[in-house]
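Q: Residue numbers (this note's numbering), protein chains in the order written: chain E, 1 to 401; chain F, 402 to 670.
Relax, there's no trap hidden among the hints.
The calculated lysine-lysine pairs, modelled on DSBU-like cross-linking and capped at a C-alpha distance of 35 angstroms, are:
id : chain 1 : residue 1 : chain 2 : residue 2
1  : E       : 193       : E       : 53
2  : E       : 233       : E       : 186
3  : E       : 86        : E       : 122
4  : F       : 581       : E       : 79
5  : E       : 225       : E       : 34
6  : F       : 510       : E       : 86
7  : E       : 53        : E       : 10
8  : E       : 230       : E       : 53
9  : E       : 27        : F       : 581
10 : E       : 34        : F       : 581
11 : E       : 122       : F       : 510
12 : F       : 510       : E       : 52
13 : E       : 10        : F       : 510
14 : E       : 193       : F       : 510
15 : E       : 225       : F       : 510
16 : E       : 225       : E       : 79
17 : E       : 27        : F       : 510
18 : F       : 510       : E       : 53
19 : E       : 10        : E       : 233
20 : E       : 186       : E       : 53
21 : E       : 122       : E       : 193
22 : E       : 230       : F       : 510
23 : E       : 233       : E       : 53
24 : E       : 79        : F       : 510
25 : F       : 581       : F       : 510
26 : F       : 581       : E       : 86
27 : E       : 374       : E       : 230
28 : E       : 186       : F       : 510
29 : E       : 79        : F       : 428
30 : F       : 510       : E       : 233
31 : E       : 122       : F       : 428
32 : E       : 34        : F       : 510
None of these hints come from the bench; they were simulated from the model.
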Amino acid sequence: MRSDIVISVKNLTKTYRIFGHPGDRIKQALTFGKMRFHREFTALQDISFDIKKGETVGIVGRNGSGKSTLLQLLCGILKPTSGSVKVNGRISALLELGAGFNPEFTGRENVYFQGAVMGLTKEEMDSRFNDIAAFADLGDFIDQPVRIYSSGMFVRLAFAVAVHVDPDILIIDEVLAVGDAIFQQKCINLMSKLQSQGTSIIVVSHNPYHIERLCHQAAVLHRGKLSELKPAKEILAQYHEMVQEDMIPPPVKNASLREGSHELYFEQVLIENASTSGTNNILTTEPMRIIAEVFARRPMDNVRFRFELCSSSNDIVAVVATNGLSEDWQLNGKHRISFTINPCQLTSGWYYLNAIAGSKYVRLDTWQRVIDFKVLLRNKRAQDLSLDQGIFICQGHWEFS
Amino acid sequence: MSTMTLNPLRIYADIWHNRYLLGQLIKRDVLMRYRGAMFGVLWVFLSPLIMLTIFAFIFGHIFQARWPQQDAGVPFWLLLYSGLIAFNLFAETISRAPTSVRGHPSFVKKIIFPVNILPVVPLGAALVHAGFNFLILLAALSLTGHLHAGIMLFPLLVTPLLLLALGLSWFLAAWGVFLKDMTQIVPVFVQMLLFLSPVFYPVSAVPEVLRPIYHYNPLGAVIETTRATVAAQSIEWGAWGIAVGFCLLAAILGYAFFQHSRDEFADAL
Numbered sequence: 001m002r003s004d005i006v007i008s009v010k011n012l013t014k015t016y017r018i019f020g021h022p023g024d025r026i027k028q029a030l031t032f033g034k035m036r037f038h039r040e041f042t043a044l045q046d047i048s049f050d051i052k053k054g055e056t057v058g059i060v061g062r063n064g065s066g067k068s069t070l071l072q073l074l075c076g077i078l079k080p081t082s083g084s085v086k087v088n089g090r091i092s093a094l095l096e097l098g099a100g101f102n103p104e105f106t107g108r109e110n111v112y113f114q115g116a117v118m119g120l121t122k123e124e125m126d127s128r129f130n131d132i133a134a135f136a137d138l139g140d141f142i143d144q145p146v147r148i149y150s151s152g153m154f155v156r157l158a159f160a161v162a163v164h165v166d167p168d169i170l171i172i173d174e175v176l177a178v179g180d181a182i183f184q185q186k187c188i189n190l191m192s193k194l195q196s197q198g199t200s201i202i203v204v205s206h207n208p209y210h211i212e213r214l215c216h217q218a219a220v221l222h223r224g225k226l227s228e229l230k231p232a233k234e235i236l237a238q239y240h241e242m243v244q245e246d247m248i249p250p251p252v253k254n255a256s257l258r259e260g261s262h263e264l265y266f267e268q269v270l271i272e273n274a275s276t277s278g279t280n281n282i283l284t285t286e287p288m289r290i291i292a293e294v295f296a297r298r299p300m301d302n303v304r305f306r307f308e309l310c311s312s313s314n315d316i317v318a319v320v321a322t323n324g325l326s327e328d329w330q331l332n333g334k335h336r337i338s339f340t341i342n343p344c345q346l347t348s349g350w351y352y353l354n355a356i357a358g359s360k361y362v363r364l365d366t367w368q369r370v371i372d373f374k375v376l377l378r379n380k381r382a383q384d385l386s387l388d389q390g391i392f393i394c395q396g397h398w399e400f401s
Numbered sequence: 402m403s404t405m406t407l408n409p410l411r412i413y414a415d416i417w418h419n420r421y422l423l424g425q426l427i428k429r430d431v432l433m434r435y436r437g438a439m440f441g442v443l444w445v446f447l448s449p450l451i452m453l454t455i456f457a458f459i460f461g462h463i464f465q466a467r468w469p470q471q472d473a474g475v476p477f478w479l480l481l482y483s484g485l486i487a488f489n490l491f492a493e494t495i496s497r498a499p500t501s502v503r504g505h506p507s508f509v510k511k512i513i514f515p516v517n518i519l520p521v522v523p524l525g526a527a528l529v530h531a532g533f534n535f536l537i538l539l540a541a542l543s544l545t546g547h548l549h550a551g552i553m554l555f556p557l558l559v560t561p562l563l564l565l566a567l568g569l570s571w572f573l574a575a576w577g578v579f580l581k582d583m584t585q586i587v588p589v590f591v592q593m594l595l596f597l598s599p600v601f602y603p604v605s606a607v608p609e610v611l612r613p614i615y616h617y618n619p620l621g622a623v624i625e626t627t628r629a630t631v632a633a634q635s636i637e638w639g640a641w642g643i644a645v646g647f648c649l650l651a652a653i654l655g656y657a658f659f660q661h662s663r664d665e666f667a668d669a670l
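Start from the sequences, fold in the hints, and give me the full structure.
A: Structure (structure tokens):
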């Protein structure tokens with residue numbers, strides 16, 4: 001192992017043996033593994049990477065992708081099924097909030113105990129205690145039993161101890177999310193300081209901002225396989241795309257609800273993107289066209305059409321209507337109307353459409369949730385990803401003077 | 402990562418390396434038991450005192466019991482008590498051993514922790530209690546006028562039992578992780594052992610045929626020798642020596658078994 005490499009992972013695979021009954025493990029041990037009583041589940045598959053001294057690596061991945069298993073293997077808590085993990089230096093890990101803390105003991109006692117777990121003596125902890133207490137900012141609560149702490153206080157104390165024990169390698173698993181924005185900022189500042197002192201850091205986070213801000217490199221973990229280490233921005237774009245791919249439409253609550261007199265009715269409602277008609281995938285940056293084929297059973301005018309775009313949480317995002325426009329349209333038999341939104345501008349996610357047709361006095365056809373469609377943001381530039389929040393991506397122009 | 406080892410020096414080194422943490426764990430363990438109680442840590446002292454008082458009352462006044470071979474000197478209830486100190490040390494350790502690792506899943510799964518010292522904690526806590534019991538024994542001996550210098554051998558004579566308890570503790574802790582039933586089995590076993598070991602009777606009262614079993618099992622040998630030293634009788638160093646060898650072997654094998662199986666703890670818990 002080269003001297004500047006602190007963690008070297010080679011062909012790491014972790015397979016869990018899942019026993020249906022606790023006794024099955026014993027039975028298998030008693031038959032020296034000749035009889036199998038378990039199923040296997042491969043959590044990680046053939047992972048290799050190196051982390052250099054002073055380098056910060058972010059790992060992103062969906063729930064269940066194996067992130068926690070990977071961190072546990074790096075810490076030596078789990079044993080690899082095959083492959084190897086070589087660690088050069090002392091690891092301080094924050095894998096789960098409050099793990100190793102005894103709720104009955106005070107914050108102060110727990111700080112010293114954590115120090116002991118990390119191999120620090122009382123004297124060594126004495127010299128660090130004030131820094132820890134100051135960072136955790138618990139006031140008098142430091143001498144109260146930990147069980148009365150709020151989760152925010154808990155994470156502050158746990159993080160304070162983990163970073164103040166002079167680790168060579170700091171491993172943080174998604175615990176910062178518990179703290180408020182100010183605390184997260186404090187953590188990031190402190191981690192930046194550790195970076196400059198040569199500490200290697202491994203962060204798992206769902207917050208793209210943290211990854212981008214802290215990590216030199218990142219990797220996506222997907223179904224137990226780790227991508228190459230690449231600059232954080234590239235990985236975040238890749239991850240974002242992956243999440244979008246896997247998004248599932250919201251469940252249909254009461255099927256598609258339809259009512260009205262149906263003297264005029266929608267035969268079909270479709271969505272068209274720049275290239276395909278009848279799709280339900282739209283890119284944020286491309287035009288989106290809503291096409292409705294309607295049929296009028298008798299000659300009529302004074303009809304208004306209306307499309308409601310709804311988010312997966314059933315909020316109306318936008319409404320387009322023909323009010324003041326379609327009153328003099330003469331309808332009889334089959335017609336085709338369309339509306340083009342250019343560009344689509346919606347943030348990524350699932351949406352659905354309600355189509356409504358009505359005359360001045362009667363409801364002709366109200367078709368709720370006539371079609372589901374998915375909006376995707378395809379853009380490799382990470383700065384654009386940070387805009388993929390809220391309801392729509394605003395177009396406009398800046399001025400500077 | 403852990404490696405299987407049969408080297409007794411390795412065991413010593415592993416424990417010594419984590420001595421500060423181990424001390425903290427034992428302190429926590431003892432304090433936890435009394436935290437919140439009105440008399441607090443005073444109970445460490447109170448409970449054996451109450452037990453001894455009851456012994457003195459029942460066996461000293463009500464039953465007026467004597468063992469056949471008992472010539473003079475130390476009252477019967479103190480002999481019982483001294484045998485119980487050794488037995489309780491052993492019993493307390495192994496009763497709690499099956500949960501010593503199982504009871505701390507977060508130490509195994511969520512933090513980097515020298516799991517191999519966890520089964521030492523029940524022994525440490527039992528030693529603290531045994532220490533207080535011993536002080537009370539000393540006090541009672543001096544009050545009854547039977548205190549003598551030979552009693553200072555007591556701690557030395559108990560050492561093989563510590564090794565045995567430690568070895569079994571490692572073994573039971575590992576089994577306890579995989580099999581929850583251990584927490585039920587061990588206390589029953591311990592209860593049986595209380596009557597099977599020569600605590601309430603001397604080995605000489607056992608039928609001739611069975612006597613070797615009592616002589617050569619370390620628990621019996623240690624109880625006999627510690628009691629002999631309290632009664633200022635001659636000690637059978639031979640039986641004790643065999644016990645030392647046996648107990649050392651138990652500790653080594655127990656540790657090896659623990660280290661061998663600990664890789665699976667995180668998966669099993």
